[in-house]
Amino acid sequence: MPTKMRRSLLGYLPVDSPIFGLHPMTRLLFLLIVSAYPMIVRLPELNVAGSIFMLALFKVSKVDLRVIKNYKMAFVNLFFVIAIAYTFFGGYNPDYRVLIELGPVKVCWENLRWAMVVYIQLIFAILIMIFFLSTMRERDIVVGLRALKVPFVLAYMAGLALRSIGLSIIDFNTIREAEKARALDLQALPFSEKVKKFGMYIVPLVALAIRRSDEVSNALDSRGFRFTGLKSGKRTDYILSKYRMTKLDYLVLAGMGVFLVGIVLVSIYTDWLALESSLLYRI
Amino acid sequence: MAKTVWDKEPGEIRKPGTIHIAIMALLIGVGAVAGTFGSLSVPLGYGVTGFWPGVAVQAVGGIWFGMWGVIAGFLFPFISNSLAGAPLYVSFAYLPSNLIQGLLPAWAFRYFKADPSLKSGRDWILFLVFGVIVNNILGAAWAVTALQWFGLITVESVPLFFSGWTIGNGVPALIFGAILLKALSPLVVKHRSFVKGWWA
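Protein chains in written order, with the working numbering: chain F, 925 to 1207; chain D, 273 to 472.
It should be emphasised that the hints constitute simulated quantities derived from the structure, not laboratory data. One thing to keep in mind: the hints can contain errors.
List time: in silico EDC-like cross-link candidates among lysine to aspartate or glutamate, alpha-carbon distance up to 20 Å [claimed, not checked]:
#1 F:K986 / F:D1019
#2 D:K287 / F:E1139
#3 D:K462 / D:E284
#4 D:K280 / D:D387
#5 F:K1030 / D:E428
#6 D:K454 / D:E284
#7 F:K1073 / F:D1145
#8 D:K287 / F:E1103
#9 D:K454 / D:E281
#10 F:K1120 / F:D1138
#11 D:K468 / F:D1138
#12 D:K462 / F:D1173
#13 F:K1120 / F:E1103
#14 D:K275 / D:E428
#15 D:K462 / D:D395
#16 F:K1121 / F:D1145
#17 F:K1104 / F:E1117
#18 D:K462 / F:E1139
#19 D:K280 / D:E428
#20 D:K287 / F:E1117
#21 F:K986 / F:E969
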């Protein structure tokens, strides 16, 4: 029997994924808190451990790992950009150890090491983002925001905006299909031509959005919505009532919080997480 | 002085309403799709791209829909950058850049009462200066400062990322921004979502 799946922002996730056992607010806070780790800690060993932890989390949450493959080009590209930015534009100091000299450019170990540190740090940060997008639905984000007591109008706008991305993608594909039906092969076109053709997408996309704004606005008005600014007053939230914070949520939140405070304190008061403690700096 | 699209009719009362919430949300959708297309096509890293059509939505959104367009313009890159694989806090760091890229043309068109349909040479010049050049230079300046502050790029590589951002945003802002303004402004200024002031 085929597994029942739920649509997430980046793909599909089995309904029996353990990640659905967590409250959407916990998952939203996961992004905000855990994303701070690689920004605070540069130590590559810790960021590698973080990346491995994220991959394990993908596995435990039953996220199809093929979703990471979609970012293969982004990872490769990032690698080249960082490598070029740091080796060719990394600067030179007489203390640096020169590995190769390419004309006036000196490729130094210190620059290359820094490129590796940054790349490893970004891999961890990107994996966190991919995990979030793979496990969250539009509804989860809205519920998460409402649970965090974000004003109703902001949470509602966030939901509407996320929904409108889906609508715009549908419109975008409709326009592409119409072009294909007229025998336009985009794949075969050079980049300059693709750019020109993009003008044909963006005008109908915006025009459709403007037309749809009337429909959405009328729907909001007919449901008695009023623009009251950020003041929302007391309101019953039906969807929110369907979710409960469990002991697991509190445990996960506490764990993330304690770890965040821990690495901040350790970074401030010790040099254990300093780059100089890394194996890369002993080579 | 000749009447412009920004002047209110006698007795006209303008208030923000649900139409503005709707247009803002829908602009976020369109911008995210346009932005993701660019970020995935010529990425330079950290969400900086050699060709980013989303900037056209920022400039045009600000001009047509005032602060609603500006807010949409600084929120949708957050989504499109995330979808393209930029880390969360790098996307946060770009918020001021994305704000200025929509805010500056919105201010210039209102302050100088330029026609969004780009009917005269003056309208074109204002669009070029504030919607293509200055806004993107300021946006790029902030973005590379933020990247450097995060320690993600070196001082020496600042020109590479600065020029990548400025050109990668400037060219699509010019091409798609002009196309959008010329094609849709006559329709938008008659639509109830059009914002003559900042909020309504």
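Hints versus structure:
no., hint, result
1, F:K986 / F:D1019, "49 Å, violated"
2, D:K287 / F:E1139, "19 Å, holds"
3, D:K462 / D:E284, "14 Å, holds"
4, D:K280 / D:D387, "14 Å, holds"
5, F:K1030 / D:E428, "13 Å, holds"
6, D:K454 / D:E284, "26 Å, violated"
7, F:K1073 / F:D1145, "24 Å, violated"
8, D:K287 / F:E1103, "40 Å, violated"
9, D:K454 / D:E281, "24 Å, violated"
10, F:K1120 / F:D1138, "29 Å, violated"
11, D:K468 / F:D1138, "18 Å, holds"
12, D:K462 / F:D1173, "50 Å, violated"
13, F:K1120 / F:E1103, "13 Å, holds"
14, D:K275 / D:E428, "50 Å, violated"
15, D:K462 / D:D395, "19 Å, holds"
16, F:K1121 / F:D1145, "37 Å, violated"
17, F:K1104 / F:E1117, "15 Å, holds"
18, D:K462 / F:E1139, "17 Å, holds"
19, D:K280 / D:E428, "50 Å, violated"
20, D:K287 / F:E1117, "43 Å, violated"
21, F:K986 / F:E969, "26 Å, violated"
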